[in-house]
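Enquirer: Chains as they are written, first to last, in the working numbering: chain S, 18 to 155; chain U, 18 to 155; chain G, 18 to 155.
Among the clues, some could well be false.
Note: identical chains are not told apart, hence a pair may lie in one copy or across any two.
As the list claims (entries may be wrong) - Derived DSSO-like pairs: lysine-lysine, alpha-carbon spacing no greater than 27 Å straight-line:
(1) K57 to K123
(2) K145 to K110
(3) K57 to K74
Hints are computed from structural coordinates only; laboratory data are not their basis.
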Amino acid sequence: MKKNMLIAVVLFLSPFILPAQTTDYKVVFDLTSRDTLDHKSVIRWLNEVSRMNPEAKLEVVMYGQGFNMVTRDRSVVPDAIATLLNNKNISFKVCAIALKNNNVDKSQLLPGVETVPDGIYEIFSKQKEGWGYIKAVH
Amino acid sequence: MKKNMLIAVVLFLSPFILPAQTTDYKVVFDLTSRDTLDHKSVIRWLNEVSRMNPEAKLEVVMYGQGFNMVTRDRSVVPDAIATLLNNKNISFKVCAIALKNNNVDKSQLLPGVETVPDGIYEIFSKQKEGWGYIKAVH
Amino acid sequence: MKKNMLIAVVLFLSPFILPAQTTDYKVVFDLTSRDTLDHKSVIRWLNEVSRMNPEAKLEVVMYGQGFNMVTRDRSVVPDAIATLLNNKNISFKVCAIALKNNNVDKSQLLPGVETVPDGIYEIFSKQKEGWGYIKAVH
Numbered sequence: 018m019k020k021n022m023l024i025a026v027v028l029f030l031s032p033f034i035l036p037a038q039t040t041d042y043k044v045v046f047d048l049t050s051r052d053t054l055d056h057k058s059v060i061r062w063l064n065e066v067s068r069m070n071p072e073a074k075l076e077v078v079m080y081g082q083g084f085n086m087v088t089r090d091r092s093v094v095p096d097a098i099a100t101l102l103n104n105k106n107i108s109f110k111v112c113a114i115a116l117k118n119n120n121v122d123k124s125q126l127l128p129g130v131e132t133v134p135d136g137i138y139e140i141f142s143k144q145k146e147g148w149g150y151i152k153a154v155h
Numbered sequence: 018m019k020k021n022m023l024i025a026v027v028l029f030l031s032p033f034i035l036p037a038q039t040t041d042y043k044v045v046f047d048l049t050s051r052d053t054l055d056h057k058s059v060i061r062w063l064n065e066v067s068r069m070n071p072e073a074k075l076e077v078v079m080y081g082q083g084f085n086m087v088t089r090d091r092s093v094v095p096d097a098i099a100t101l102l103n104n105k106n107i108s109f110k111v112c113a114i115a116l117k118n119n120n121v122d123k124s125q126l127l128p129g130v131e132t133v134p135d136g137i138y139e140i141f142s143k144q145k146e147g148w149g150y151i152k153a154v155h
Numbered sequence: 018m019k020k021n022m023l024i025a026v027v028l029f030l031s032p033f034i035l036p037a038q039t040t041d042y043k044v045v046f047d048l049t050s051r052d053t054l055d056h057k058s059v060i061r062w063l064n065e066v067s068r069m070n071p072e073a074k075l076e077v078v079m080y081g082q083g084f085n086m087v088t089r090d091r092s093v094v095p096d097a098i099a100t101l102l103n104n105k106n107i108s109f110k111v112c113a114i115a116l117k118n119n120n121v122d123k124s125q126l127l128p129g130v131e132t133v134p135d136g137i138y139e140i141f142s143k144q145k146e147g148w149g150y151i152k153a154v155h
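Work out the full structure: start from the sequences and follow the hints.
Expert: In structure tokens, the structure reads:
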């Protein structure tokens, strides 16, 4: 009886006691910079995090001038992005408003790169769902 | 009768069917930069978000050198700020410590711009209340 | 007996039940910059916040090039860091991956500076625990 009680208490408290599971790793990166050093930094972080935690959910949201990282003729990291997109837990999402402001058509984006209607709302939504937030600027 | 029934069912289910309500959009922008390109960026984001979501709650907290965006003699966006402040869901708050550090008096701020005792605490409070966070830097 | 049991359970669970206390000021600063102006800014913010709120929990997580702020031969703020570390609520944590990438050994860090295996995970964890997040860039 006492043993059962102990088990019940431990089970009840386990969410507060047990360490974070390795799969509970969700981060949204906010990229607004056209600086290719920032592009290389965010790619390096994605590589490092996903190598150690293949189940980590990682999303890069680009607005402002961030789209430069994922357009065919301007990206300095197209191969790295193609490789990262082999991991279904990683996504790249560009703000449609930013594309329109800069006269960039969706067809100019690298394969696999998605668009969202509003990049800032996408980031807010992710934060609301418990994702971590990182401003990607070096 | 059937029509009324249908309307009733749709109304009842609407919270589960309709996309996220426009009113659940709350973001605090963190501005520490004196770079006028950053000032123009944050104003453009505020304009775009509020045009599509007039009910969105948006707040810009300025500390460090961010106050330059909202002082009478330095702001490059005074008219845009005046227009944005017509929306009661938008506010601009400057850190009183930053003003003191830079010998700027509250009277030098653009009309409608508020102060807070501690800009970092203001941002922490908003995050704690479930607001999204965006570092405003281009 | 039952009453004692109840009291014990309530006391044990109180950290999860009771409302936030006024000392509830917890912020993680994300520093990736090698720019000494950013280093001076984050130190100034730590000083100002901790002076007014000695109980505030403040942590600076450095990855990317942020480690430059806390290495013996490069830091421009070693004395300020030593003073801040007298407050047990303040900590400086460097990403071990960033150190390795830059061939910096832990022995080159200023006294009291800690390392974490993954700086981005450290920031995510803190955000998940309800800490505020500030990207430290001027």
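Enquirer: Each hint should be assessed against the structure and marked as holding or not.
Expert: Status of each hint after checking the structure:
1. K57 to K123: both (22 Å within a copy, 25 Å between copies)
2. K145 to K110: Both: 17 Å inside a chain and 23 Å across chains, each within 27 Å.
3. K57 to K74: within (19 Å within a copy, 32 Å between copies)
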